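Those protein sequences? They're chains Y and U, same order as listed. Using this note's numbering, you'd call the opening residue of the first sequence number -14 and step up by one each time. Using this note's numbering, you'd call the opening residue of the second sequence number 24 and step up by one each time.
Since the hints were made in silico from the structure, they are not lab data. Just so it is clear, the structure is predicted and the values come from calculations on it, not from any experiment. Each residue gets a CB set at the ideal place from its N, CA and C atoms; glycine is no exception. Some clues are possibly wrong.
Taking CB as the label site, the calculated pair distances span [to be verified]: (1) U:Ala48 - Y:Gly36: 41 to 47 Å; (2) U:Ser75 - Y:Arg2: 34 to 40 Å; (3) Y:Gly36 - U:Lys100: 16 to 22 Å; (4) Y:Gly4 - U:Arg168: 22 to 28 Å; (5) Y:Pro(-6) - U:Leu134: 44 to 50 Å.
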Amino acid sequence: MNRKVTVPPNIGTEWRRLGLPRELSIAFWAYIHNDLAANYEKLRVNRDQGGRGFKHKKVFKDKDGNAHLFVILVDDETSADHLIITDLQHIPR
Amino acid sequence: MHNVVIRRFLGRSRLAESLVEDVFAEHKNAMFARDVEELIAECLELEKISRSAWDYVLDVLFSERANETDELGNMMKMAIAKVSVVFNRVNQLIDEMKARGHGPKEVADFLIARREIQRINEDVAKKFPPINEEMVKRSLEAFRRGEGRTAEEMLHESQGHGSS
Chain Y
-14 MNRKVTVPPN
-4 IGTEWRRLGL
6 PRELSIAFWA
16 YIHNDLAANY
26 EKLRVNRDQG
36 GRGFKHKKVF
46 KDKDGNAHLF
56 VILVDDETSA
66 DHLIITDLQH
76 IPR
Chain U
24 MHNVVIRRFL
34 GRSRLAESLV
44 EDVFAEHKNA
54 MFARDVEELI
64 AECLELEKIS
74 RSAWDYVLDV
84 LFSERANETD
94 ELGNMMKMAI
104 AKVSVVFNRV
114 NQLIDEMKAR
124 GHGPKEVADF
134 LIARREIQRI
144 NEDVAKKFPP
154 INEEMVKRSL
164 EAFRRGEGRT
174 AEEMLHESQG
184 HGSS
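Construct the entire structure; sequences and hints are all you get.
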């Protein structure tokens, strides 16, 4: 069974602070909802060197074609049933 | 093995570092002015190579291969820091040359190139930021308190159906 993806409140606050366009927001969270846990075995290999789980990078384009990189740190060690998003960074090109 | 652009950049940054140290060590000799001009020429080449390398890294970073870029980012950070030091050292040599009454050629181009190296250095730091340790700590504290939402709830919120 897939692990449950958990978004702590501070990550949600950070997300809203970014003020990204709606379509980008939907694309990102749809990807996290549909793909993160489903592809966990493949994604977990990119271990964080500080032993805090795994790092995952994903690029989305907005409706104007501008690329946006998202970097998330995912803790998969605190709970065997959860994937906790512990850091989130948005990097526009 | 990294591509030719990156290997060339790493190799030339090491060469420039070595050359500038040699000139610093022997800068009393009669060839000083000529050596500084050669270093300026090397810096102008190095700026072009740095830009090519950074453009390559950006192309990989903003692609489906983004997850392969951590090592590239670390190499880029180290190499561009080295190049920045080289440019600063050459700038010192130019000042010394001016103090001796010589006006090296291509100083204006060197200063433009130096600004470009500073820009790349800053951009590398922005594109490969460190983990936000405070964010990680607060996230785990919240999880341990049982706080958090699912990705599906975040998706619904993005679609305009959820609470904020």
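Among the hints numbered above, which are violated by the structure, and what are their numbers in rising order?
-> none
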